[in-house]
Structures are given as C-alpha cells and as structure tokens.
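Chemist: Below, each chain spelled out in residue letters.
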Amino acid sequence: MDSLFSDILGFLGNVAGALGAYYAGFTWSFIIDLLTDYGVFLVICLGLYILMIAGQVSLGHAGLVGIAAYASAILVVKFGVPFAPALPLVIVVGAVCGAVYAYLLALRLGGFYLAVGTFALGEMMINIWLNSDYVGGAIGFVEIPFRSTSPVVGLAVAAVIYVVWRLENSRYGYAFRAIRDNEVVAGAMGVNVRRTKLLVWMIGGAIAGLGGALDAHRVTVLQPNDFGIYFSIQILLAVLLGGLASLWGTVFGAATVSLLPWMITTGDPRDRLMIYGLFIVALMVFRPQGLFMPIRGPTSGGAILRRWFGLDLGSRARSLPSGGEMAQTPPRGPGTLPPEGPIGRRQQ
Amino acid sequence: MGDRTVLRAEGLEVRYGKVIAAADIDLEVRRGEIVTLLGPNGAGKTSILRAIIGLVPPAHGRVIFHDGDQIYETQGKPVHALARLGIAAVPAQNVVLPRMTVGENLEMGGRFLVTDRAAMHSRIEELMEKFPVLRERRNSYAHVLSGGEQRQLAIARALVSRPRMLLLDEPSIGLAPLTLREVFGMLKRIRDEEGIDILMVEQNVVKALEIADRAYVMRVGAMDFSGPSAEVAASHRLRDAYLDS
Amino acid sequence: MHLPLPYILEQLAIGISTGALYAVVALGFNLIFGILNVLNLAYGATMMVGAYGLLLAFYIGIGDFWLAAALGVLFAVLTGLLVERVAVRPLRGNWWNIKVATIGFAMFLENFVTRLTDGRQQAFPRPFEIKYYSIMGLFEIANIQVLLLLFALGLMVSMLLFLRYTKLGNAIRVTAQSPEIAQCLGIDVKRVTIATFAVSGILAGFGGILNAATFSSVYPFVGQALGLKAIVILIVAGLGNTRGCLVVGVILGILESLAVGMGGSTYRDLVAYGGMVAILILKPHGLFGEVGRIGRVV
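Quick note, the sequences are listed as chains A, B and C, same order.
When the letters of the first sequence are read in order and numbered with my numbering, they come out as residues 1 to 348.
When the letters of the second sequence are read in order and numbered with my numbering, they come out as residues 1 to 245.
When the letters of the third sequence are read in order and numbered with my numbering, they come out as residues 1 to 298.
Keep in mind the hints are simulated off the structure, nothing from the lab.
Cross-link-like lysine-lysine pairs, in silico, PhoX-like; alpha carbons within 25 Å at most:
no., chain 1, residue 1, chain 2, residue 2
1, C, LYS190, B, LYS77
2, B, LYS77, C, LYS167
3, C, LYS167, C, LYS190
Model the full assembly from the supplied sequences, consistent with the hints where possible.
Modeler: This is the structure:
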C-alpha cells in the first residue's frame, strides 16, 4: 500500500535530511537541540492526537498548552517551586483545564461548534494574558529557567508515547474511537459517553500540561500570541499529517512539521508559512486521511497484512463526503448477476 | 422498443464504492404509461431510479430519453440538465423546501424552468384546483405541513413546469391510507389528463399495481421479471421475490 | 464608574458604525455558509486582498478612490473564485476538510502578500476628507461612520432583495435548503456555488476596503481578526440567519465599544469571544435560530 511506502519515504526523508544537515555543517549539538524541540512539540501534538481519536475537535489546543506553560512559569518563578515537583502539579492543572473545557463545551457540543468553541476559549486566554501584568502582559513572561534539557524531554516523550500507546490499544482506546464514529451507537454499545469524554479531555489536558511546562522551560520567554491560532494550526497539521490511525502517524507528522522547515533552504519564515499553507490545501485535497498512515482499520503489523490480502471487513468511518458523489469504478463484464446481495448504503 | 418509447435504460449498473447495488438492469417506459419498479428492500430499485435521474452516475449502462424525434443519452449528465429536458423527479424524503411557503415552493418549481411568468402563475392556480389542500395552506411554511401534504406539494411542484415525465421515488412513504388513495388517484389523473408518463419506485405493491400499466420487479440487485401489472400481480414470482430474499 | 453622557453616546456611535462594518463582513461570510454548510476561513484573507487591490490600483496610477475600490473588489472576487475552485470544490462538502483547507489557503495568501509588501502596516487612503459633525452639541461623529452605517444597511437591504427577487438569489435560497431538490428543479448547483463565491467576494472586497478606510491602514493579517469576528457573529446570531447578522453585528460593535471605553482597548476581543462561548453554552443554535437545512446535524 502506498501509505506504508510514503511512510518509509517520509521517515527516510527526515533521516536523510538530518544527515544532510550534518554534512552541511550543522553540529551534533545543534541537531540534538532540534530534536529536543521536536520532542517538546511531539508531546504537545500527542495531547491533541488523543483528543482527536475520540472525535474531540480542539481548534484552540495551543491555548490549553499555554495555560500550562504560564502555570508552570508562575509556579517556578513566582512561587519558587523547583521544577521537579512543579511538573506533576502542572500536569494536574492541565487535566483540570481539560475537564473544564469538557464541562463547558465538549459535553454539550459536537463537531463544528466544539471546534469553534475551543478556538474561542483559546483566544480568550490569550486576551487574558495580554491584559495581565502579573504574567508580563504583552511583553511576556521572561527569565524562566531553562529546565527542559534533552534527557528530560526525551524521558517525557518516551513516557507520553508509552501512555498513549497503551491507551489507544486498550478498552478505552476502542471507546474513544467508538465515540468518534457515532456517539449514539457508542452509548448503545455500553460506552458511558459522558464519562469517557471527560476522561479523554482530562488526559489530553494532562499531556498538554506536560507539553506546556516543557515548552515554557525551553523557550524561557512566554508571549501570549505564541499560543494563538498559528500554533494551534501547526499542532493540528502535525496530527492530520499523521492520520488518526495510530500514534506513530503523529510521531512522523510532528517530525515533518517541526523538522521540515529546517530542510527548506530559504530561511525566510514567511516563505515557510506560505508553503505550509499550500501544503495544507494540497493535503486536504489529495490525501485527507493523512500522509503517513492508512486511516482504516487497526495498524498492528498483522492487521496491515490482513488488509493487504483482503481479509478485513468493515472500516472506520472518517468524515464522509456528502451524498451523491460516488467513486467511479471500471465497468464489469455484461450479464452476470452479482455474487452476493448488495449491502449498499441507502442514499438519502 | 417502438417509437412510443419515452425512456429506456440499458444495462444499468450502480455501485457505491465497491458494493454493487444493482447490475445489468434494462427497463422501458412507453408513452402514456405508468410504470412501477418493485422489489424488496435492498433490491437496488431506488439506486436505479437515482441513476436514471442523474443523482448517481451509473458505473455502466445507458439512459436514453426520447422526445419525438430527438434522442438524448443522459447517463452521467447532471440532474438539472434532465430537468431542463422536461423530466421532473421527486425524491423519497425531504421533498419540500422547508423554509419557504407552499406558494413559494410551487413558484420554485417553475422559476428556473419556465420563462413565461404569467403562464407559470396560471399553471400554479390550475394545480391548486387539483390539489385543494395546497390552496388552503398556500401561505404556510412547508415544514409545518403533514407528510401527506408535503408529498402532494412536491408532486404539484414537479408539475408546475409541465414536464413530459415524472420520476417518483416511493411516493407512498409515510402516507395514511386515505391520503394514499388521494395521491395515487391524483397520479392516475395526471397521466390521464396531461399525458405525463410516470416511472415510480414503490414499496406499496398493491397500490402501485392498481394504477400502473406495467411493472418491473427487482431482486438482490438484478431484474427478476416484468410484465403488465395484472400479470405481475397474479404471478407467484412476485411473492417469491418479496419473501425469499 | 461614572462616565459622562456625551462620552457614552460617542462610544455608542462608534460602536454602531463598527458594528455595521462587522455586519457587512458577516453577511458575506453567511452567504457561503448558508448555501454550502461549510466555513470558508479564507474569507478574511479575501477581504485583505480587496484592500490591497485598491492599493495596487493606486500604485499603478488610478487616483480615484472608488475606481481603485472597484479594482480591489475585482481582486477579491477573483480570490473568492480561486478559493472555491481549489479549496472547496475538490473537497466535496466535507466541512472539516474544507475548513482546514481554507485555513491553509488563507495562510498562503497572507504570507504571499507579506512577501510582496514587506509585511508592515501600510497607510490606506480615505474616500473623502474626514469631517466631524456635532450631534446636538453633545458629541461628534465622523462622516465615515455615517458612511459605514449607511453602507451596511444598504447592503443588507440589497442582499435581502437579491435573495428574494432575482433568479440567482432564489437559486441560492433553494440550494441552501436542499441541493438535491434544487437540481431537480433545474438549478445548476455547481454554477450557483461558484456564483455565491463571487457575490461573497464582492462583499468581502467592500468589507476589506471599508475596514481599511476606517482605520486608515492595512496589513496582511487584518483579515484574521475580522474573519474571526464574522464567525463569532454568525454563531451568536445563528448560522445562516441574514437578519441576525446585522443585529448581532451592531450589538457586538456596541458592546465592544463600551468595553473599550470602560476598560481599555485590550479587553475588546474578550467581549466577542466570551460572548460566543456564552452563547455556545447557553444557546448553541444562536440567538435568532439557524436558517438552513432542517435536520442538519452540526
């Protein structure tokens, strides 16, 4: 399947890029820095990933991350809490915020309204930070101690990947996906939709909390507008690139989003954004299911093989195109009756 | 196939993705006929109708309309092109424009197909004679009408543009028995008085066979058998088709 | 807080005219949403193109404001058509993908213009000299505010007339309620969609130009803030509700203006977003109710 192929290509591309960069004169420590930045970004993306698996569209995810970032900065700088104990506190803050988002919006709204609502919450947060001198207002929160060293980030990444991996392959993972496909049916199948949604938001919030803290203590300066729609779009793009079939897609997607810019020779950030924009459009038109992973069905090795041999049944629905547009298939031979009864969907 | 043919479908095949809903379907409607397409659920009859209307492009096959000397092949053509040819279609559900009044709905029936406004308005008046319930509810919004009334509105709307042919998808759905009688009686009158040919997909076999001249019976995506409705009604194959799938 | 009446009245007047501007923006946005059920998030960028189009006209020597505006609007229309062709039509009504794709397109446009113009804020000409009129000796309003208000009213009226009495307008109304029925009635849905984007492009162009004229300046990302406000207005009013747009737009303008007057300019956006979140929680289908396909699940 070409998705696996492009998956390998993409990865090789990244690797080749990294190597090429090395040969172009980048030092190892620079590359490690890059990879650490990528690690922080990946943690943040995985937070969104787990939400999206459950169909929870969070368009203002950067806002959630920002809350945690500011919280961490406040704890460490204003209250003098050392980083190590502050981190779990921030994670809890993140979970709580996730729960708040859930209560306010996610438990009442779906799809479009949820997306817009989370976006609004994010923008509101930015506005609050801009207005609050306590956190430095528009100038920003400065002099945050640098604590997110590569080993710390590496450990965090490993932990989050492990948690997300266990989660998505567990009962909860299935519950999340069921909710994504069809809430009503999920409920009928015995999933406690309300509680599960709350859970996924708390987990997503917690991971965002971790990501935010790491971010704050890496860039050491927080500005409210850093957590605006552009950042949200980058996170979203990373997850979309990877497709929603498996967390490894997000791993590659985040790599592409954070490392790819360094591969583009024109260093002008505006060019990069321009290309991003076009890229997003192209992605949606040609491969909305993501660049790296197939979105249909489970993604364990055995499952992929089964799919190749046509032994799989059923599929996970992604956003369905509107009715009336059908795939054209090549014409069959004349005069033969179809082997089994059609199970075609009724088009309403 | 004589020169009385109005519509002919040859070898139609409809697929949804990889699933074949119906294959190798031939059917024909002749001038002045009411033809009904029957079959149990999942037989593919609605898919075929939709392919004829143009809402779904057929994977295979042809759809041909005769208009006097002209012959139009319409498979794969957009629906509005068919409407311009004088073929009016009424879907099974969501048949009315909910946010417009009955009067507006009727106007929309002709707005895009009829150039002579005055003629259109007099036609609407004429139709309201035939469908008195619409005259009563002229200024009500379409979404407050009952199912039966909506169905009548949809049919009337389709008639505003004086089509040559009417394609109906399950006109009996959701109709109470009394309304059923009215609506089907109406369809027969329309054919008699205006010479409009009708092809309808129907679930209500009895009612359909009452007014249809000929019937096709589909089963599991293929054409099972066909014939004049009296024959079809009497045939045991009809029962088999419905009970054995 | 005891504020002098003239000050409040002045803020009110500013609020109304700003609200009128918001309403103009929202109307164009609403048109596309009403017919397609999709969000065209490149709308803000289209507005920006309109404003820059006017600047371009000036640059190549067209001195008359309104003539230049016509060119700007033309650019906006072309942009709208491009968005439809590239980011909407191929995506077949999948609102999520379209949303993302139009964001991407907007990103591209905004950065493209940044590249072309160096990205800094640029001065924008005004259609006429700003004159202030004194109202009852209490406060002053500027003639451009009056222009905004009149324009918005005029636009809304024209939109309603257009939708009700022209062939295209009716086609749009029908398509918005049911593309399937529309087709059966002889409407070429594809062409109607394209036309809708074109009309919405006109509205966007004017909106962008008016906005730039009001603030005397323009920058490449100006479309973002306005586009977002448009979404807020739409959601608060109820998606697809034309009349609601004007009302909510003006209310928003007034509330924002009062908030700024009392608390300072940084609280302005809070009103919009806070209001939207409140509506989403309390009355998600909008204050005036959605208009559009019944039974649509959003």
